[in-house]
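We have chain A already, so just place chain B on it with the hints.
Number of protein chains: 2
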Amino acid sequence: MVESASKTKRLGRATRRAAREAEVTPRLSTVRYRVKPVEVVSADELDRIHCASLKILQEVGIDFRDEVALAQWKVAGADVRGQRAHLDGDLVESLVAMAPERFAMTGRGADTDVEIGVDTLTFCAMQGAPNIRDLDGTRRASTIADLRKINRLIQMSPGFQIGTGFACEPTDIAVPWRHLHIMHTNLVDLDLATNGLTTGTARAEDCIAMARIVYGRAFMDENAVLWGMISGNSPLVWDATMLEGLRVFALANQVVLIAPFVLGAANTPADVVATVAQLNAEALAGVAYAQLVKPGTKTIYGQYSVSVSMKSGAPMSGMPEISLLNGIVGQLARRYNIPWRTTASQASSKLFDAQSGYESATAYMAAVNARANFLLHAGGWDEAGMVHCLNKLVVDGEQNLLMAKYAQGVSFDLLDEALDAVRRVGPGGHYLGDPFTLKHFRNAFIAPEILNYEAFEQWKAAGGKDMPSRAREKAEDLLARYAPPALDSSKREELDAFVARREQEISPNLA
Amino acid sequence: MVESASKTKRLGRATRRAAREAEVTPRLSTVRYRVKPVEVVSADELDRIHCASLKILQEVGIDFRDEVALAQWKVAGADVRGQRAHLDGDLVESLVAMAPERFAMTGRGADTDVEIGVDTLTFCAMQGAPNIRDLDGTRRASTIADLRKINRLIQMSPGFQIGTGFACEPTDIAVPWRHLHIMHTNLVDLDLATNGLTTGTARAEDCIAMARIVYGRAFMDENAVLWGMISGNSPLVWDATMLEGLRVFALANQVVLIAPFVLGAANTPADVVATVAQLNAEALAGVAYAQLVKPGTKTIYGQYSVSVSMKSGAPMSGMPEISLLNGIVGQLARRYNIPWRTTASQASSKLFDAQSGYESATAYMAAVNARANFLLHAGGWDEAGMVHCLNKLVVDGEQNLLMAKYAQGVSFDLLDEALDAVRRVGPGGHYLGDPFTLKHFRNAFIAPEILNYEAFEQWKAAGGKDMPSRAREKAEDLLARYAPPALDSSKREELDAFVARREQEISPNLA
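Residue numbers (the working numbering), protein chains in the order written: chain A, 1 to 511; chain B, 1001 to 1511.
Don't read these hints as lab results, they were simulated from the structure.
Worth double-checking, as some hints may not be accurate.
[Unchecked claim] Computed footprint of chain B on chain A; a stretch qualifies when at least three of its residues, placed anywhere within it, have a C-beta under 8 Å from a C-beta of chain B:
id: 1; region: 321 to 334
id: 2; region: 359 to 365
id: 3; region: 426 to 434
These numbers come from a predicted model, not from an experiment.
For each residue, glycine too, the CB sits at the ideal point set by N, CA and C.
Chain A on its own, in the form it takes in the complex (with noise of 0.2 Å):
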């Protein structure tokens, strides 16, 4: 017997109707997983990474290239020499342990609410291409009318529930003042929590200003809006302009993700489960310093992994090597009780095209059966980052919908129910007309929009289009219908206002 579409029976006319109607989908709020994790290694032998994560900051020690930094860990007890800190294993815990468990982000939009937590899964757009890819297929640099209209397309796209700050580098304004439009474009086109610029104290100061223009000091000194990302720069060393951005963010209360960036086999070892103990070692010291600058830092633990190509030097998505780290990872974390962030949707495709959907769910699904919280790059990232393809962050915003309901596992409430229609129907019947089909299809089975079901025939009756096209058509529509999430006209002038007058103060000339 034959398992092909040829068997499939045709549905009810009823239910094809009722399926019609379907409404809009609600934004994703908070995500919570059901499905227990994969694990990837014994609890001994996590044991085994967690103590040689520890001995490495003790015994190799980490740079920290930022003078206040390694005043604070002196008087914190390090072992500091030079711009070396060597960390003794229970400074590191007693310090990660005041990392919370959970923590909400809070956008201005209504039901923007999200919690970054040990068990919940949130999802936001990639961050960082220098080029985009346009709807047409056109590749160029990225400007900030780019950045504009990816914001406004993950507005509309219920598959993100954070914005994700410099979803491509607007190339057409000066270094210095890139910063400033990207924040107002986040603050002005989107209504979610958003990502908020690191990268130097005055940078960070004037992300955080600019949102205390949009939500008010007092409501930010309570409520986390903006998340900052500390990249580290493997192996082990955490740079000054990145540990300025952690203490103006969690001195403002608001969110750090600290994430090593691992390049396999480059800046760690060629094996997997020592590149998990080096880098395990690199987030921990940044995780507790973090919480040494403000106990009670809302932090992720993060990472960004990919291995190298040894035939080109580039890197690889979709690699089963990066999908171990991640599950290892996972149970890392968990043992440390803070949310931790993967890559989702990575792709070194130059097209899009199969190798980037492969790449793509690979990286998706290792993410989620690994219990990753805070899946970043889960929208639009291509050509291993050097493109936000906006047609690709479409239909990764489909996909965010999918991973959800993947995560959230199954429920029992209605198996007696379902079970009586299986008394009903009987052997050899079908369910087509059941009542129970037509009370619960809706529900049971998600129906994607741009992965598309037809038959040969009719797909190519109308039109026979690829993936590209069909979400070419589904982001020119979601562009047609943004409308700007309201925004107070005195806030939006002061924030213009702002904006022009730190261009006047900063030079528009590198340093």
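Just chain B, lined up with the frame of chain A:
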């Protein structure tokens, strides 16, 4: 700090040279899982599903539309009313317990043995497509020449451990003669254990007879060289055609794969848990029947499951509900201690595009994270099974290698040696020239060939080829290098004569 390719450090020359010298990948042998699988339901919840399945078999009953089977069930003490058998839980469980937890399958080639067990992973390409999507992208009805071509690609791809039989339908051959030609190419063009057809006694017997020509009857009495697909007719029906095939294969000591055919919300209730309860009832009845036919029959617990689009009635791939279903079925199969089968690389796209990639990788990762033991359709499946895409077959062959590496988890053997490298390199260094890297990078991170990791400019200079184009080049290279596996000329003549004789005996017109 931006997480992108621009940060990649260039590799050392010695490292690159060593990479180029990497050897040809050997065929996967037995892949043993080390990653501990996801759990979708708790132990109590699993018990509830198991009990619901037994209750369905007892109270609702299941149709065996086959007089022999009904008589056997009566003898075994089942409550048979007409074609419906009401099966007691103890009877079912005692029969299911007779199914072995592992067994070998053996091909005629060197190193083609593979163990199918509750902790192993075996990859098998798709079967049953009525069309192919040829290397140049053309979609057309498939022929016996296509099937031969596919078998040659499988033979040349190290990611397939076993043959799939009717990878596509040879539509240019009369239906009553097809099984002869399908079996002929599987025995001649491949040297792997493979699939034999099970649609009725006569065809199944022909397939066994042909395999005996190649392997010898005595050898096959002790060793499994063929597996047969026994598809259920959900809800709750086993048809005579399939049961006849089951009996022939079980009595000849070959493997039977018991697979209910689930179209969620069409032939099962619109509820994931109840769908599992029903399909588990069907599978248990099938597995139990195989043991009733012959205790100890080598049985794979299976299912083919998709949800159904309520817009078009078409099956949907890569859906979260089916990933969840896989997780639960895996938990059940481990409870019963029987190897289980699911579908990997299931896609619905009408082109080998990004959709196909997303769907395929989602299905792969769902299967492997659920610790599936037999991954059917893990190669070539697209358009909901209506086409065998030859480029996708080759891509999936590579994906199988990645999935196998993931399933096998991590090793701690090199940890101490690698931590010495961490000490050597220290903060701010790099690992590219380190002795540990040079010694171990080859095995540390897998290096795919069809997935492309070049930078945009390199890729463009090399022709800017999309994934299907690169897969086509790979496929053409494999076909050019293909040489038929050696087969004793007298056996080949006997096989040819068997086909000729049976064509004389069987009317080419359908009864």
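Hints, verified against the model:
1. 321 to 334: The restraint on the region 321 to 334 of chain A holds, since 5 of its residues have a Cβ under 8 Å from chain B and three suffice.
2. 359 to 365: holds (count 6)
3. 426 to 434: holds (count 8)
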